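Colleague: The lines below spell out each chain.
2 protein chains.
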Amino acid sequence: MNDQHRYCVIMCGGIGSRFWPYSRTALPKQFIDFMGTGRSLLQMSYDRVLALVPKENVLVMTNAMYVDLVREQLPDIAPEQILAEPARRNTAPCIAWAAWRIGAIDPQASMIVTPSDHLITGERLFVENVRRGFDFVEQNEALLTLGITPTRPETGYGYIQVGDEVAPGLNKVKTFTEKPDLELAKVFVDSGEFFWNAGIFMWSVSSIKNAFRLYAPEISDKFDAASDVMNTPAEREFIEREFPACVSISIDYAVMEKARNVYVETVKFAWSDLGTWGSLYDNSPKNAETNVTQNCNVLSYNSRGNIFAVRGEKLVVVDGLEGYIVADAGDVLLVCPMSREQSIKQMVNDAKIHFGDKYL
Amino acid sequence: MNDQHRYCVIMCGGIGSRFWPYSRTALPKQFIDFMGTGRSLLQMSYDRVLALVPKENVLVMTNAMYVDLVREQLPDIAPEQILAEPARRNTAPCIAWAAWRIGAIDPQASMIVTPSDHLITGERLFVENVRRGFDFVEQNEALLTLGITPTRPETGYGYIQVGDEVAPGLNKVKTFTEKPDLELAKVFVDSGEFFWNAGIFMWSVSSIKNAFRLYAPEISDKFDAASDVMNTPAEREFIEREFPACVSISIDYAVMEKARNVYVETVKFAWSDLGTWGSLYDNSPKNAETNVTQNCNVLSYNSRGNIFAVRGEKLVVVDGLEGYIVADAGDVLLVCPMSREQSIKQMVNDAKIHFGDKYL
Chain B
1 MNDQHRYCVI
11 MCGGIGSRFW
21 PYSRTALPKQ
31 FIDFMGTGRS
41 LLQMSYDRVL
51 ALVPKENVLV
61 MTNAMYVDLV
71 REQLPDIAPE
81 QILAEPARRN
91 TAPCIAWAAW
101 RIGAIDPQAS
111 MIVTPSDHLI
121 TGERLFVENV
131 RRGFDFVEQN
141 EALLTLGITP
151 TRPETGYGYI
161 QVGDEVAPGL
171 NKVKTFTEKP
181 DLELAKVFVD
191 SGEFFWNAGI
201 FMWSVSSIKN
211 AFRLYAPEIS
221 DKFDAASDVM
231 NTPAEREFIE
241 REFPACVSIS
251 IDYAVMEKAR
261 NVYVETVKFA
271 WSDLGTWGSL
281 YDNSPKNAET
291 NVTQNCNVLS
301 YNSRGNIFAV
311 RGEKLVVVDG
321 LEGYIVADAG
331 DVLLVCPMSR
341 EQSIKQMVND
351 AKIHFGDKYL
Chain C
1 MNDQHRYCVI
11 MCGGIGSRFW
21 PYSRTALPKQ
31 FIDFMGTGRS
41 LLQMSYDRVL
51 ALVPKENVLV
61 MTNAMYVDLV
71 REQLPDIAPE
81 QILAEPARRN
91 TAPCIAWAAW
101 RIGAIDPQAS
111 MIVTPSDHLI
121 TGERLFVENV
131 RRGFDFVEQN
141 EALLTLGITP
151 TRPETGYGYI
161 QVGDEVAPGL
171 NKVKTFTEKP
181 DLELAKVFVD
191 SGEFFWNAGI
201 FMWSVSSIKN
211 AFRLYAPEIS
221 DKFDAASDVM
231 NTPAEREFIE
241 REFPACVSIS
251 IDYAVMEKAR
261 NVYVETVKFA
271 WSDLGTWGSL
281 YDNSPKNAET
291 NVTQNCNVLS
301 YNSRGNIFAV
311 RGEKLVVVDG
321 LEGYIVADAG
331 DVLLVCPMSR
341 EQSIKQMVND
351 AKIHFGDKYL
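These protein sequence lines map, in sequence, to chains B and C.
Under the numbering used here, the first residue of the first sequence carries the number 1, and numbering increases by one thereafter.
Under the numbering used here, the first residue of the second sequence carries the number 1, and numbering increases by one thereafter.
Just chain B, with the same shape it has in the complex (with noise of 0.2 Å):
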């Protein structure tokens, strides 16, 4: 099958609190350079795709706050193929605009669903991968999710169980299970049954709207209702008006984890979902005290172990931390060990308590 069939919808709406104060509701975590490479998540996301299908053929599903911030971040991309989300309804509803969308562009066309925040490398891979599960969808009613080989027992991912294989690669998914204890977890990796769920998904337009008619109707009827604005001036008053009356739900709760034709394609790039500052740490290149500096200008002394993410030219000079992140954000500083990072939510909500919407 011919590229031109293919689309990327990359999901660009979170708000990422986690990584409060270095990202923040105005400057969520997919739009930071993470890495210091001189490319933020987003667009990572975006170079990514780029060998897979047309430039023309990515969506990028965001909400409306960040509209700017995508066109700026992805210039080559056109003001159409940014599509704002009016409000918050995660996943499926998100996933059902772009499938609708899609299909009114080309009825033909598969696609692939992809987060923007998180870290791939091995690129080569991901795209051999990728061009796999394209060629699965197109040729099956499948929806394919992508399960990465775990190389050690996480307990802050969800894990899918494979069944049956089907292809070299590609098997019937048997159960997706939220996260593990770490003895579970162990227990996942050891008997190589068990993929971390990347939230990554594959299947034709047509594949994704029978499962979502079958199993998550209440959205479905509202998509099919519009069809024939889907792609013209009139859809974006449709947008305005039901997506926001849209029931706010994830995609595998609506439709993966009921749906009877769910495959998984194992795969062995490497991945982060970089959902904790700890994992953000383990994927950063370390300098020779095992600090990760993110590119800025660091002074350190008997420190060791930490992460220092601080924008622009800052200078940070540090003696006497071990493990500790040091964010710094302009109007915000956090100096906190890593192994307390869960307690960053409750200093979000301190603060907003404190301080009001200032600070977040």
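It cannot be assumed that every hint is accurate.
One copy or any two copies: either way a pair holds, since identical chains are not told apart in the list.
[Said to hold, decoys possible] In silico DSBU-like pairs for lysine-lysine, Cα to Cα no more than 30 Å straight-line:
{"#": "1", "residue 1": "Lys222", "residue 2": "Lys258"}
{"#": "2", "residue 1": "Lys286", "residue 2": "Lys358"}
{"#": "3", "residue 1": "Lys352", "residue 2": "Lys314"}
{"#": "4", "residue 1": "Lys55", "residue 2": "Lys268"}
{"#": "5", "residue 1": "Lys314", "residue 2": "Lys358"}
{"#": "6", "residue 1": "Lys286", "residue 2": "Lys314"}
{"#": "7", "residue 1": "Lys286", "residue 2": "Lys352"}
{"#": "8", "residue 1": "Lys286", "residue 2": "Lys179"}
{"#": "9", "residue 1": "Lys314", "residue 2": "Lys345"}
{"#": "10", "residue 1": "Lys345", "residue 2": "Lys286"}
{"#": "11", "residue 1": "Lys268", "residue 2": "Lys314"}
Note that these hints are calculated values from the structure, not bench results.
Small disclaimer: the values here were computed from a predicted structure and weren't measured.
On the provided structure of chain B, position chain C as indicated by the hints.
Modeller: Relative to chain B, chain C alone:
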């Protein structure tokens, strides 16, 4: 004697590198609202002496680069009251200039010379002590220094040993000492004979001129030769030419340790030279978690005994810090244990080596 003949010389040329990065070459310690009172240390020094001398009789000795800062912070004083040193030459040439200038205005004058970057609390006692000092130096050919009653065996200060009492609270100076080690400092304090050397001096203009002529003639010769230009438009040219040619030496070495008519007034007002982060911490009000917050917004968790010195409206969020300095000056952030503050000088050097003057 009438207050009209009394003058105050505020020395305000220091660069305060020990408080880097909060204090910077461009904004040294004396210009900062260090105690969060709304007044800088310089402004507090000025406010303090207004009870003692007419505001027209205040001279501010500073470096040429800080003249605008002085004008901004002390808008009440006239331009001719700010004496801009074209080069840094320690305290002796600075005090000589002040003495010859004042002598040209009023040969009967007496004067107090005070640093601008120390903290004094208990203004009523200060005024009472200084009035007694003025009376003494106006009636005697005396070089008077103020000796602070020590409250702890501080090793960071020089001490003055008192000799014979000549009047209540006024003694001959027996010796000036260097900074003692802890054991010796304890002996000093227990003896009752040793007082902290605050670097605050009082004398009549004629007494200090005579002392310069006896003990530092290489300085007094220059100023005596220029007596007729002092306090005239030609003074500036003389200073530009001759001040940089003066030897760089402190008033202590040049005069006080050599002269025979040196006296000490033992005083009981609370004083700190605020020479270190530790002394700033000791002298500042603390919150319930024993942190000093310098009026900035702080959310602290599991953190005690820290000092947060952060400019502007910035929010500081810390977890798991004990006894640290967290100092943020916009383009530089320092996080360092208070116990290692003596290494800040080295850090400033390292910053200079790596980044030039950018962060000094």
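Colleague: Could you run down the list of hints and mark each one as holding or not?
Modeller: Outcome of the hint check:
1. Lys222 x Lys258: within (20 Å within a copy, 96 Å between copies)
2. Lys286 x Lys358: between (33 Å within a copy, 25 Å between copies)
3. Lys352 x Lys314: both (26 Å within a copy, 14 Å between copies)
4. Lys55 x Lys268: Intra 25 Å, inter 78 Å, cutoff 30 Å: intra-copy only.
5. Lys314 x Lys358: both (22 Å within a copy, 10 Å between copies)
6. Lys286 x Lys314: both (19 Å within a copy, 29 Å between copies)
7. Lys286 x Lys352: between (33 Å within a copy, 24 Å between copies)
8. Lys286 x Lys179: Intra 28 Å, inter 43 Å, cutoff 30 Å: intra-copy only.
9. Lys314 x Lys345: Both. Shortest intra-copy (25 Å) and inter-copy (19 Å) distances satisfy the 30 Å Cα cut-off.
10. Lys345 x Lys286: So lysine 345 and lysine 286 pass the 30 Å test inside a copy (26 Å) and across (27 Å) alike.
11. Lys268 x Lys314: Answer is neither: 38 Å inside a copy and 44 Å across each miss the 30 Å cutoff.
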